[in-house]
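J.: Chain residues, written in single-letter form:
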Amino acid sequence: MDAPGKVTGTALYAADFALPGMLYGKVLRSSEPHARLVRIDAGRAARLPGVRAVITAADVPDVRYGGSVKDERVFARDRIRFAGQPLAAVAATSPDAAAAALTAIEVVCEPLRPVFDVAAALAPGAPLVHDAWASYTALPILHRDGNVCNRARIVVGDVERGFVEADRVFENRFTTSSVHQGYTEPRAAVAQWDSSGQVTVWSNTQLPFEIQTTLAEILQLPPSKVRVIVPGIGGGFGGKLRIGVEHFAALLAMKTGRPVKVMTTSEEELTAAYARQPATVAVKTGVTNDGRLTAREARLWFDTGAFAGSGPGVASVATLMLAGPYRIPNLLLEGFAVYTNKTNFGSFRAPSGPQANFAVESQMDIIADALGLDPLELRLKNIVREGEEGPTGQVLTAVGLEECLRRAADAIGWRDRRPEVGRGKGIACGWWTTTGGSSGVYVKVNPDGTVALNTGAAEIGTAALTGAAQVLAEDLGVQMADINVVSADTLSTPFDFGAQGSRTAFAVGNACRAAVADLKRQILALASKHLGVEESALALREGSVVGAGKRATLGELARISQASGGGLIAHGTFVAPPTPYDTKRVEGHVYPAFHSPSFHAHATDLSVDAETGEITIHRYVVAQDVGFAMNPAAIEGQIEGGVAQGLGQALSEEIVYENGRVLNANLTDYKMPTARDVPRVESILVQHPSLVGPFGAKGVGEPPNIEPPAAIANAVASATGVRITSLPITAEKVALALRERAK
Amino acid sequence: MTRIALSLTINGQTHDVLAEPHRTLLDVLRTDLGLIGTKENCLEAECGVCTVLLEGAAVNACILLAAQCQGRAIVTIEGLAAPGQLHPLQRAFIDHGAVQCGYCIPGMILAAKAYLDTNPEPDGDGVREALAGNLCRCTGYQRIIDAVLSAARALRTSPPSQAAR
Amino acid sequence: MTFDYHEPTSVREAIELSARFGGDGRFLAGGTDLMVQIHRGRLNPRHVVSLQCVPGLDGIEVDGAVRLGARVTHRRLESAEAFQGALRGLAEGAEVVGGHQVRNVATVGGNIVNASPAADVVVVLLALDATLTCLGPAGERTVALDGFATAPGVTGLRPNELLTRASFPRLAPRSATVFLKAGRRRAMEISIACVAARVTLDDLERCQDVRIALGAVAPTAIRARAAERHLEARPLTDGLMRETGRIAAAECRPIGDVRASARYRALLVATLVPRALARCLERIKLGAP
Chain A
1 MDAPGKVTGT ALYAADFALP GMLYGKVLRS SEPHARLVRI DAGRAARLPG VRAVITAADV
61 PDVRYGGSVK DERVFARDRI RFAGQPLAAV AATSPDAAAA ALTAIEVVCE PLRPVFDVAA
121 ALAPGAPLVH DAWASYTALP ILHRDGNVCN RARIVVGDVE RGFVEADRVF ENRFTTSSVH
181 QGYTEPRAAV AQWDSSGQVT VWSNTQLPFE IQTTLAEILQ LPPSKVRVIV PGIGGGFGGK
241 LRIGVEHFAA LLAMKTGRPV KVMTTSEEEL TAAYARQPAT VAVKTGVTND GRLTAREARL
301 WFDTGAFAGS GPGVASVATL MLAGPYRIPN LLLEGFAVYT NKTNFGSFRA PSGPQANFAV
361 ESQMDIIADA LGLDPLELRL KNIVREGEEG PTGQVLTAVG LEECLRRAAD AIGWRDRRPE
421 VGRGKGIACG WWTTTGGSSG VYVKVNPDGT VALNTGAAEI GTAALTGAAQ VLAEDLGVQM
481 ADINVVSADT LSTPFDFGAQ GSRTAFAVGN ACRAAVADLK RQILALASKH LGVEESALAL
541 REGSVVGAGK RATLGELARI SQASGGGLIA HGTFVAPPTP YDTKRVEGHV YPAFHSPSFH
601 AHATDLSVDA ETGEITIHRY VVAQDVGFAM NPAAIEGQIE GGVAQGLGQA LSEEIVYENG
661 RVLNANLTDY KMPTARDVPR VESILVQHPS LVGPFGAKGV GEPPNIEPPA AIANAVASAT
721 GVRITSLPIT AEKVALALRE RAK
Chain B
1001 MTRIALSLTI NGQTHDVLAE PHRTLLDVLR TDLGLIGTKE NCLEAECGVC TVLLEGAAVN
1061 ACILLAAQCQ GRAIVTIEGL AAPGQLHPLQ RAFIDHGAVQ CGYCIPGMIL AAKAYLDTNP
1121 EPDGDGVREA LAGNLCRCTG YQRIIDAVLS AARALRTSPP SQAAR
Chain C
2001 MTFDYHEPTS VREAIELSAR FGGDGRFLAG GTDLMVQIHR GRLNPRHVVS LQCVPGLDGI
2061 EVDGAVRLGA RVTHRRLESA EAFQGALRGL AEGAEVVGGH QVRNVATVGG NIVNASPAAD
2121 VVVVLLALDA TLTCLGPAGE RTVALDGFAT APGVTGLRPN ELLTRASFPR LAPRSATVFL
2181 KAGRRRAMEI SIACVAARVT LDDLERCQDV RIALGAVAPT AIRARAAERH LEARPLTDGL
2241 MRETGRIAAA ECRPIGDVRA SARYRALLVA TLVPRALARC LERIKLGAP
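Chains as they are written, first to last, in my numbering: chain A, 1 to 743; chain B, 1001 to 1165; chain C, 2001 to 2289.
Everything labelled a hint here was simulated from the structure, so no lab data went into it.
Every residue gets a Cβ at the ideal spot worked out from N, C-alpha and C, and that includes glycine.
Among the hints, erroneous ones may be present.
Unchecked claim - Here are some chain A residues the structure puts well away from chain C; computed CB gaps all over 12 Å:
(1) Arg39
(2) Asp117
(3) Asp131
(4) Ala166
(5) Pro223
(6) Leu371
(7) Ala537
(8) Ser561
(9) Pro577
(10) Glu682
Unchecked claim - Cβ-Cβ distance ranges computed for the label pairs, FRET-style:
(11) A:Leu380 with C:Leu2286: 48 to 56 Å
(12) C:Arg2046 with B:Ala1005: 18 to 26 Å
(13) A:Val38 with C:Thr2002: 31 to 39 Å
(14) A:Glu106 with B:Asp1125: 51 to 59 Å
(15) A:Asp416 with C:Glu2232: 44 to 52 Å
Work the whole structure out from these sequences, hints included.
T.: Here's what the structure looks like:
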C-alpha cells in the first residue's frame, strides 16, 4: 500500500524527521558495568561551542518506571548497573558538537563486584543487582526473589511419577546468545513542546500508546499532555516496543525550548538496546521405549540484564514453549528472568520462542536417535491434536500441526534423510500465540466514495495494516485502492495495543469488521430512504448500494449524509476473548495461554564441510498453519524474512560479552545474513481457520523466527553425527566438535 | 569551524552548499539538501542503506566526504526517475512484494541499478553477490532478487525513456 | 572532530602537504578504513589529504612486470583482464572484500598501508613477491612487501612518504595463483583466516617455485616459509599438500578474538593451504596446452 513512497525515497521515517531549529541530542553511557556513581560533572561540556543543554539525573524527576517491575530510571543516579547505562544527555546544534560534549563530561565512579551471567547472579552470596528490589512496585503476580525478578511455573500431574513410568530419561542442557533485532533504521525520536505544556514526540516506536504512558510517567504529566506520532518505522521486530530515545528527546527539548532529535548509533544498539535475552535451558524428558513422552521437567533461565523489562513476561511465555506442541501428561516447567550487570534485554520477534524451541526440539531428535526412531515419527506420535489440552489446560482448536509436519517432511524429501556423506536433513516444529489486546478503529466514507481507516496501530512493514484494510475493503465491497489509512497518533487515532505479538492484522482486521457492520447499517438505512427501496432488498457491491434495479454510490450517500446527517462514520473495537485455562496449573505467570495458536514445521537440507565446519543450506521449507491466508504473498514475505532472521541466530549472530562489555558493538562483527547467506525459502501455507481471527486468520509475523535454530541443529546432527547445543552454530563449533569426536 | 563552499551535482542539478570539510555526503544530502531518500544507519559502510551512485558506481555515502564529490555526478534515489514516474527497478520491487519496512530499499535499488548497468543479463547468484553490501532484515532477500531479475528483463526489452541522469 | 581537506593535484604536492602536516595529516584514498576509524574516534587527523586528483596512481600496467597504482580499486582488480588467467588469485583476493560499494572505492595502496593482518589483497601480493614504491621528499625507493608491515597498523612507510605502487614479476609458464578465505558469512567478511598460493611447476610436474601466504593468523600477513620449503622440487601429491598444510598451521601465530579462536584459525590454515595448492594444480593442468 505504501510501497511507491518507499521505492522512490519519499516515505518519511522517524530517522528522517526534522523540524526547523532542531537540536541534536546524544547520550553519555557508562563504560563501567557495575559501579557506585560518585560524581558527574558536566560543567566543561556545557560551555563547549554549540552545546545548548546537558542533563543528568539531577535535572530530571526521580521516577522509577518499567512494565512489570518499576526498577529503571532515565539516568543512573547513585548506582551504575550495566556498561551502556545512560548517565547524561547533551543537546547541541549539530551531532558532532553533541558528541564532542559527551567526551567532556567527567564521571567518577567506584567499581562494584559485578554479576555477569545467570550462574553468577544465582550463586549463593551473589551481589544483588537491585538491593532494594523488594521495595519496588511490581505486578503482584510475579514471584521475585533477589536477582530473580520472576519465576513463572507450570505444574501438571506429577513429573516424578512420570519419570518412573518412563523407560528412558533424557537430560540435556542448551545455551543461546543474545541477538539483536537488526532493524535497518536506528531508533529515533524528535520532541517538541508547545506553549500549552504539551509535548509531541515523533518516534519510530511499535507501541505509541505505551510510549505515551511511559513518557507521562517519566515527565510526571497527565498522558493527555503527551502526544506520540509514528511517522514511519524502518523495522522493529520487538526492538522498538519500549522507550528508547523518546525520553531523552523530550527532556532535552524541555530544557532547551527547542525541538530535539535523538537517534541511536550502531554501538548503542548493540550495547544498550532490547536485544534478545540470552538463555540457559535444562530439559529432562521421560519417554517410553516406543516413543511416548511421559514427563518433562524443564527450566529456562533468561539473562534479563540490569532491569526486568519484558523479562518476567517472556519467562512466562517460555514455559508454554518448553512444553512444546506435545501431549505430555506430567510437567514441571519453570522460566526465570534473572538480573545481571548487562543491558536490559528485551523482546525480539517471538520472544522466548527460538531459545526454548532450540532446546526442546534438539532434545526430540536426541531422543529419537537414542531410541532408534525416526524424528518425524516421534513427533507425530506426541503432537497435540484437535480438542486436546495445552500445557495449562486450554482447549486447542484448529490444530494444523500434523499437516504442517507431513507437508514439510514430504517437501524436503524426508525419506532420504542422509542423501550423501556430510549431508543431512532436519525438522523442527512448534506453536505460538496470536497476542490479544484491544484495537479500535474509526472508519469514514468520504464524499468521493473512498474510505478512511483511522487506527492507532503503526505499519511496521509487515503489511498488517494492508491486511486490515483488505478486510475492510472486502466487507464494504470497495477496492483496496479506495482505502486510505491514518495511523498511530495518540491524540487523534483510537487506542491500539500496538504492532506486537503477530496481532495487528488479526485485531485491527476484526475491529474493522465491527466498524463495517455499523457502517453498513447506516449506509443501508440512508440508501433505503434515498432510493425508496426496502433495506432487505439492498446490497453493497463495487462501491455502491444496489437493489430493485436502483443504485446509489457510496460517495453519493456520503454527500447526502454530510449535508443532512454529519457524514457516514463508524467506529469498531475488538478485544480477543480470554482463552480459558486451568489457573491451578500456573504460578507467577503473566501469559498463561496461547490465543488462537498457530502451528508450524520447518525442514532443511544442508551439507557440512567436514574440515572447515562450514554449513551450506541447499533447501529450506516452512509449513505454517496461518488459519486463513488473507494475503498469501505478504505472508510468504513474513516467512522468508523470519527465517532469514532465524538463520542469523542459528548460524552467525551473537552479541559477544567479555566481563560485561560487548566486544562486537558494530556491524563489522555483528554478523547479520547478507543476500549471499540466505537460501530460497519454500513456504507452504496450511489453513486451519481459527475461531476468532478475521476469516479465520492467525498471527503470522513471529512464528517463522522460532524453528530455524532447531531445524539447523537437527540437520547438522543428521549430516555429521555431531550435536551442537549452543547458539550460534558456527562453522568453528562444528569443526572443533568434529575434531574432538575424531580423537 | 570553517566551512568550505561546495558545488555538488546531484541528479543533474547543481547544489551550492557551505559545509565543514569533515562532513559526509550522506550528512549533506540529508541535512542540508533534504534528500532523505538516502538513508542513515551504521555510518561504517556495512549496511548499504546510504548507497548512492557516484559516476555511475554504487558507493556508501556515509564514508564519502562531501568535499570529495565536487565535479562528480551523483545520483540518489530521488533522481532515478522523473517525479511521478517509476524506474523499471522501482516498478519491479513493488510488483514482486520486495518492499516491507522499506528502509533498505533506496540503497538496494541503486546498488541493483549500478549492477544492471554493467551486467544487463544477470543470474540470481550474480544479483545476490552484487547486493551483498546491502542488508535487509525484513524480506530474506528472495523477493528483492526476483525483482532485480525481472527488472533486468524489462530493461532489456524496453529501456526506460527517462533514463537516470 | 573536524579537519581541513586538501586535494593536491600532483604527487609532489601531496608529499609536500604531508611533510607540512606531519602526524596531524592523513592521506585519504577510498576512505573505507580511514573514515571508519575517524567515526569510531580512533583517529582524529587535523588535515586530510585526498589523493583522488593526483594523477598517475590508478594504472594497471602489464609488461615485463605488473604494476598496480596505489589508487587502483578492488573492483578494478577483480574485473581486469590481466587477472583472469594465471593471476586469478589476485582477482579472487579482491572480490571477497566488502560489498560492491566498498570495492568500488577501496584501494590497493590503502589495503597495504593499513597493515591489517587480514587484508586479503595483501596476502595475494605477498605470494606474488610484490615490491612497493614509496615516494618521499628524498626521492623514490623500492621495498619488499614482505616485512613492510611490522605489526597491526604499523609499516615501514617513512613519515612524509607516499606509497605510489605495488609491482610484481610476471608469472613463468605453468603457474597458477589461488586465494581462499574463511569467514562466518559468505560476504562482507573480514577473513578469520585466508591463504594465497602461487605454484609454478617444472616439466616433471615438480614444484619449481611456490609461495604460500597467510592472512589473519599472525600480527601481519605472513609467508609460510617452512611450508614453501617443504614443497621444493617435489610433485604435489595429496599427502604432501596435507603435510604442507600442517606445517603452515604450525608456523602461523594466530590469536583468539571475537571472530574466531586461535585453534580454529590454525585448523583453517591446515585445511585451506592444501585446498589452495590443489586448486593451483588443477588450474595449471587446465591451462596447459
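J.: Each hint needs a verdict: does it hold in this structure or not?
T.: Going down the list of hints, with the structure as the test:
no., hint, in the structure
1, Arg39, "holds, 24 Å"
2, Asp117, "holds, 17 Å"
3, Asp131, "holds, 33 Å"
4, Ala166, "holds, 39 Å"
5, Pro223, "holds, 39 Å"
6, Leu371, "holds, 34 Å"
7, Ala537, "holds, 64 Å"
8, Ser561, "holds, 55 Å"
9, Pro577, "holds, 45 Å"
10, Glu682, "holds, 20 Å"
11, A:Leu380 with C:Leu2286: 48 to 56 Å, "holds, 51 Å"
12, C:Arg2046 with B:Ala1005: 18 to 26 Å, "holds, 21 Å"
13, A:Val38 with C:Thr2002: 31 to 39 Å, "holds, 33 Å"
14, A:Glu106 with B:Asp1125: 51 to 59 Å, "holds, 54 Å"
15, A:Asp416 with C:Glu2232: 44 to 52 Å, "holds, 47 Å"
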